[in-house]
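Undergrad: Sequence:
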Amino acid sequence: MITPIVLLLLLTAPYLFARLLASSGRRGPDPKAAAAVGLGLVFLFTASGHFIQTEPMAQMLPAWVPGRAPLVYLTGVLEIAIAIGFFIPRLRQLAGLSAVAVLILFFPANIHAALHQVPMGGHAWGPIYLLVRAPLQLILVVWAWWFTLRPAVTRGSPTERRVGAARS
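In case it helps, this note's numbering puts the sequence shown at residues 91 to 258.
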């Protein structure tokens with residue numbers, strides 16, 4: 091079950107690299123933008139599965155869902171569109187909102203796959219896989235919200251003054 095590790099590396103590496111450059115005094119990418127790039131890499135990686143592992147991904151959906159394979163392709167295209175949005179600064183907020191929605195809406199398919207031990211990735215482990223998948227899903231949702239949707243706190247803003255006062 092190497093996929094969660096790959097996802098975490100793709101997610102965090104650009105951000106950590108940007109932070110490392112910033113802490114060493116070198117000019118580099120903005121860490122917040124780098125975090126969004128990490129999300130884009132994650133979504134490109136997961137989208138590739140929709141085209142490489144179409145049939146196993148279709149099995150992740152309940153049998154009563156019509157057109158499972160075309161739906162897998164369609165959601166793969168959606169994930170590519172979200173990924174592209176993370177690479178374009180003016181689309182990052184929309185990409186973040188879309189990512190959070192997709193991560194929440196697609197999670198039941200992961201639950202179904204784990205409960206039915208679909209032979210793809212960790213899902214074959216059964217319900218125990220959810221002990222890995224659920225925290226990973228939560229990390230992705232929080233990362234997307236934190237770096238693309240959370241309102242920015244500017245110096246001297248009422249939020250910063252309240253936080254500063256609480257520290258005193």
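Don't read these hints as lab results, they were simulated from the structure. Cβ coordinates follow ideal geometry from the N, Cα and C atoms, glycine included. Be a bit skeptical, because a hint or two may be false.
To be verified - Have a look at the derived ranges for each label pair, beta carbon to beta carbon:
(1) G118 - A171: 37 to 47 Å
(2) T144 - R117: 38 to 48 Å
(3) G115 - W215: 43 to 53 Å
(4) L205 - P156: 19 to 29 Å
(5) W235 - T144: 41 to 51 Å
(6) R117 - I142: 32 to 42 Å
(7) G216 - L110: 33 to 43 Å
(8) G115 - F141: 40 to 50 Å
(9) S113 - W215: 36 to 46 Å
(10) L164 - I201: 17 to 27 Å
Undergrad: Hint by hint, say whether it matches the structure.
TA: Each hint tested on the structure:
| no. | hint | in the structure |
| --- | --- | --- |
| 1 | G118 - A171: 37 to 47 Å | 27 Å, violated |
| 2 | T144 - R117: 38 to 48 Å | 43 Å, holds |
| 3 | G115 - W215: 43 to 53 Å | 45 Å, holds |
| 4 | L205 - P156: 19 to 29 Å | 21 Å, holds |
| 5 | W235 - T144: 41 to 51 Å | 30 Å, violated |
| 6 | R117 - I142: 32 to 42 Å | 38 Å, holds |
| 7 | G216 - L110: 33 to 43 Å | 39 Å, holds |
| 8 | G115 - F141: 40 to 50 Å | 42 Å, holds |
| 9 | S113 - W215: 36 to 46 Å | 39 Å, holds |
| 10 | L164 - I201: 17 to 27 Å | 21 Å, holds |
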